[in-house]
Amino acid sequence: MALSIARLLLRSCKIFTHSSLLLLLSLGWVQPPRAQTVMTQQEAIFLNPVLANKSDLASPPSRWSVSTLDALQNLLAVLDHSIICTIPKGITDAWLHRTSQEPSGQWPELTTILVRLKRSTVEKFCPPGRKPQEVEEELFFYENWELEACMDGALLAAQMDRVNAIPFTYQQLHIFKRKLDEAYPQGYPESLVLSLGYFFNLMSPEDIQKWNVTSLNTLKALLKVSKRPNMDTKVVTLITRYLQGSGQLDKDTLDVLDGFYPTYLCALSPEQMGSVPVSLLWAVRPQDLDSCSSKQLNVLYPKACLAFQNVSRPEYFRKIEPFLGGTSLKDLQVLSRQNVNMSLTTFKKLPVKTVERLTVAEVQNLLGPHMADLKAEERNSPVKEWIFQQWQEDLDRLGLGLRGGIPNGYMILDFNSRREAFSGGTPLFASGLVLALTLVLLVAGTLN
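Numbering (mature numbering (1 follows the signal peptide of the UniProt record, and there is no 0)), first residue to last: -35 to -1, 1 to 413.
These are calculated hints, taken from the structure and not from any lab test. The C-beta atom is built at its ideal place from N, Cα and C for all residues, glycine as well. Wrong hints could be hidden among the right ones.
Here are the computed lysine-lysine pairs in the DSBU-like style, where the Cα-Cα straight-line distance is at most 35 Å [what the hints assert, rightly or not]:
id, residue 1, residue 2
1, K142, K175
2, K185, K144
3, K199, K189
4, K199, K216
5, K313, K268
6, K268, K284
7, K175, K96
8, K144, K96
9, K268, K175
10, K216, K175
11, K175, K185
12, K96, K54
13, K284, K318
14, K313, K260
15, K295, K284
16, K199, K142
17, K54, K142
18, K260, K216
19, K268, K185
20, K216, K295
21, K349, K318
22, K260, K340
23, K313, K199
24, K268, K199
Label pairs and their calculated CB-CB ranges [stated by the list, open to error]:
id, residue 1, residue 2, range
25, K318, L167, 20 to 30 Å
26, N109, Q151, 25 to 35 Å
27, L167, Q329, 49 to 59 Å
28, E358, D338, 20 to 30 Å
29, R143, D338, 48 to 58 Å
30, E102, D215, 40 to 50 Å
31, K175, Q303, 22 to 32 Å
All chains, full assembly: derive it from the sequences and hints.
Put into structure tokens, the structure is as follows:
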């Protein structure tokens, strides 16, 4: 009765009857003599050769052979994962190699079965006696699936010095990293970060972003194993995490950071920037300031002026140019008298409120041959704000076709001390006569 029910259930899964019977035999749920009495003629033809090999039926799945897998056929697609995982790797490899050569149309479930068996060759349970108690040279000879199944993240964290001392393969080290990530999904503790050593080079910026780095010793240890002077994104992220965690930018920290490009500057608060020595600015590259805010540049610009004050005029502008986002109107007016030929890229980074106050002549002297580039930017900041503060007749003299300036003979009714342009409201203009008449009418209305 039990055999009939089991076979009925397996048939409901669209599994061949001879496959279901073989599984019941292999798991020991039915004895061969009993099976032979209930087999159909079709089942007997298929299963008699297998029944003749008692070793296939007297053993658990861990002792199955290639012929057993052949006989099970599409039943493999629905077997429990615990059964799949106990099939010997050599057997599954041999069966996979041969079966993958067969036409997929011959066996509709073949793709599903191949995926499950291939996955099972990796997702193995840790064999008895193979779980490491310490990080030792013997682990080098483990197969990757054994390391995946047996290695413990806490053990790796406790013996990271041994991980760095043994010449593990690149693949093995990545398995260790996955184990550590599983053990510390919210980020490594600082005690582990301090001991990473060369293992740090496997980390991504996203990993480092999760760390809480407060110790200068931790920063020093990891920078020591980094590839200097290459300032890659990982090292920038590490320095940023330290500066955010400790808030210190003292002499000791600067000594540790010596030799690295100051890409970390924009990670500092304006208050922290106050302690940046002017000598550090000599190493700054334009891209190091790309993410700095106007408040940060307002702090760095005076320091840059002090740092480069003794260099020649052409060299001075080249050095000060990346910091001009924090410049003043007075300094821009001085530069306009020096024919610096500022690029429009630099001009667009200038403070908007400062640019608005420049005259047409001053901008013309600043940009020099780049003046013609203004036309393409007339609807973009800060060019559009500057245009709306200029008399249209002055803009017309440039011959660039710039539009949006103040019409001649009009007065600006600027109630908010600022006018919106293009993207917002329309400037309110009025001729002198209209304004005078408006005032007369207002006074008359009041008197009445």
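Checking one constraint from the list: CA of K313 to CA of K268, max 35 Å. Satisfied? OK: K313 and K268 at ~22 Å, within 35 Å.
Hint consistency between K185 and K144 [alpha-carbon to alpha-carbon, up to 35 Å]: Given pair K185, K144 holds - Cα atoms ~25 Å apart, limit 35 Å.
Range first: 25 to 35 Å. Now tell me if the beta carbons of N109 and Q151 are that far apart. Between N109 and Q151, where Cβ atoms are some 26 Å apart, the hint holds.
Please verify whether K313 and K260 have alpha carbons no more than 35 Å apart. Holds, because 17 Å separates the two Cα atoms, which is no more than 35 Å.
Can you confirm whether the C-alpha distance between K142 and K175 stays at or below 35 Å? holds (15 Å)
Taking 35 Å as the top limit, are the C-alpha atoms of K284 and K318 close enough? Holds: K284 and K318 sit about 23 Å apart, inside 35 Å.
Look at the Cβ atoms of L167 and Q329 and judge whether their distance stays inside 49 to 59 Å. Holds, since L167 and Q329 (Cβ atoms, about 55 Å apart) stay within the stated range.
E102 paired with D215, Cβ distance criterion 40 to 50 Å: At roughly 43 Å between Cβ atoms, D215 and E102 fall inside 40 to 50 Å, so the hint holds.
Beta-carbon spacing of E358 to D338 - inside the hinted bounds 20 to 30 Å or not: holds (22 Å)
Could you grab the alpha-carbon distance between K268 and K185 and see if it respects the 35 Å cut-off? At roughly 27 Å apart (the allowed maximum being 35 Å), K185 and K268 satisfy the hint.
Taken at face value, is the distance from the CA of K96 to the CA of K144 at most 35 Å? holds (14 Å)
Distance restraint between K268 and K284, which requires alpha-carbon spacing of 35 Å or less: The hint holds at about 12 Å.
Hints 25 and 31 from the list above are not met by this structure, while the remaining hints are.
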